[in-house]
Amino acid sequence: MTCLVPLSTLTSAPFNYLFGDLVLVQATSTNNFGSALYSVVNTIGAEIITVPI
Amino acid sequence: MQVNYCIVSIALLRNSPYNLVRLDLIQAEVRAHNVRGWSLYSDFNTIGTTVGTEPDQMTLPTNGVLSDEYMIDVLWDPLTYPANGNSPITSYNLEYDNANGGFMWYSLVGFHPDSTTLTYRITTGLVPGRTYMFRVSGRNAYGWGDASSFIYIKAATTPDQMISPVTSIDSATGMMRISWISPYNGGDTITLYTI
Numbered sequence: 001m002t003c004l005v006p007l008s009t010l011t012s013a014p015f016n017y018l019f020g021d022l023v024l025v026q027a028t029s030t031n032n033f034g035s036a037l038y039s040v041v042n043t044i045g046a047e048i049i050t051v052p053i
Numbered sequence: 001m002q003v004n005y006c007i008v009s010i011a012l013l014r015n016s017p018y019n020l021v022r023l024d025l026i027q028a029e030v031r032a033h034n035v036r037g038w039s040l041y042s043d044f045n046t047i048g049t050t051v052g053t054e055p056d057q058m059t060l061p062t063n064g065v066l067s068d069e070y071m072i073d074v075l076w077d078p079l080t081y082p083a084n085g086n087s088p089i090t091s092y093n094l095e096y097d098n099a100n101g102g103f104m105w106y107s108l109v110g111f112h113p114d115s116t117t118l119t120y121r122i123t124t125g126l127v128p129g130r131t132y133m134f135r136v137s138g139r140n141a142y143g144w145g146d147a148s149s150f151i152y153i154k155a156a157t158t159p160d161q162m163i164s165p166v167t168s169i170d171s172a173t174g175m176m177r178i179s180w181i182s183p184y185n186g187g188d189t190i191t192l193y194t195i
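For the protein sequence lines, the chains are S and A, in the order given.
The numbers in the numbering used here rise by one with no breaks, and the one at position 26 of the first sequence is 26.
The numbers in the numbering used here rise by one with no breaks, and the one at position 97 of the second sequence is 97.
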């Protein structure tokens with residue numbers, strides 16, 4: 001499963017990521033019985049990039 | 001002095017012409033007879049045994065906190081005076097439908113042999129994701145009371161913990177792509193992902 005997040009969202013409040021920052025993500029799922037524990041946060045993955053100057 | 005007695009069915013006293021109801025004092029008078037005739041009747045007793053009946057219908061059993069997709073923990077409240085029919089409860093019968101939609105009911109505990117436990121855990125034979133129906137009834141010396149209404153309990157629990165999502169830059173849009181794998185749903189449909 002996938003979702004797409006604009007980088008502008010991540011570089012704005014409340015996230016305020018800067019160029020080169022690793023974007024940290026964790027996830028959980030919920031059913032009628034409640035929510036699972038959150039996953040461990042990723043330690044590798046995409047970093048913030050910006051458009052060329 | 002000789003003590004004499006006779007045994008009378010409570011059911012007889014609950015029916016016409018006596019029509020006694022639960023907690024009514026059973027009053028009796030007696031007289032004696034010999035070759036010269038009958039004595040006067042005694043006074044009625046003012047203390048003594050009161051009428052007992054079958055127990056009341058029980059309240060709905062509840063789903064215990066230990067239930068998950070492989071075990072269902074059912075609890076129920078005891079029948080106390082006077083809901084016990086004015087007679088000690090000798091057994092509670094917990095039944096379930098084995099997920100057949102209430103078509104047939106099967107006793108889990110208490111029908112035979114007697115049991116006065118107030119909780120029962122099914123640990124075998126459950127199919128994760130299936131919904132089971134439960135009801136309970138009480139018995140005393142006068143018989144079984146009506147079964148409670150039934151409760152639905154689904155053999156399920158919360159989803160498993162997810163593995164870490166994977167992030168990448170989507171080459172088509174330039175946006176951050178966050179991907180994840182659906183975890184085991186615990187026997188119930190996942191309704192929400194929170195990233």
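If you are wondering where the hints come from, they were derived from the structure by calculation, not from laboratory data.
Being a predicted model, the structure only gives us computed values, none of them experimental.
In this text, a Cβ means the ideal position worked out from N, Cα and C, and glycines have one as well.
Take these hints with a grain of salt, some might be off.
[Unchecked claim] Short, incomplete list of chain A residues facing chain S, as computed with Cβ under 7 Å: (1) E29; (2) V30; (3) A32; (4) V35; (5) N63; (6) Y152; (7) T157; (8) T158; (9) I163; (10) P165; (11) S168; (12) A172; (13) M176; (14) T189; (15) L192.
Verification of the supplied hints:
1. A least Cβ separation of about 64 Å between A:E29 and chain S goes past the 7 Å threshold, and the interface hint is therefore violated.
2. Checking A:V30 against chain S: minimum C-beta separation of about 65 Å lies over 7 Å; hint violated.
3. Against a cut-off of 7 Å between C-beta atoms, the interface hint on A:A32 is violated, since the closest Cβ of chain S lies about 72 Å away.
4. For A:V35, the shortest C-beta to C-beta distance to chain S is roughly 82 Å, which exceeds 7 Å, and the interface hint is violated.
5. Below 7 Å, beta-carbon pairs count as interface contacts, and A:N63 has none with chain S, the closest being about 10 Å; its hint is therefore violated.
6. Look at A:Y152: its Cβ only gets to about 12 Å from chain S, farther than 7 Å, so that hint breaks.
7. The beta carbon of A:T157 is positioned within 7 Å of a beta carbon in chain S (closest approach about 5 Å), and the interface hint is therefore held.
8. Hint status for A:T158 relative to chain S: holds, with the closest Cβ pair at about 4 Å, below 7 Å.
9. Proximity of A:I163 to chain S holds as hinted, the smallest CB-CB distance being about 6 Å (cut-off 7 Å).
10. For A:P165, the suggested interface contact is upheld, since its CB lies about 5 Å from the closest CB of chain S, less than 7 Å.
11. A least Cβ separation of about 5 Å between A:S168 and chain S falls short of the 7 Å threshold, and the interface hint therefore holds.
12. At about 9 Å, the closest approach between the beta carbon of A:A172 and any beta carbon in chain S exceeds 7 Å, and the interface hint on this residue is violated.
13. Given hint, A:M176 at the interface with chain S, holds; its Cβ is 4 Å from that chain's nearest Cβ, closer than 7 Å.
14. Using the Cβ-Cβ criterion of 7 Å, the hint placing A:T189 at the interface with chain S is satisfied: the shortest such distance is roughly 6 Å.
15. With its C-beta approaching chain S no nearer than about 4 Å, A:L192 sits inside the 7 Å limit, and its interface hint holds.
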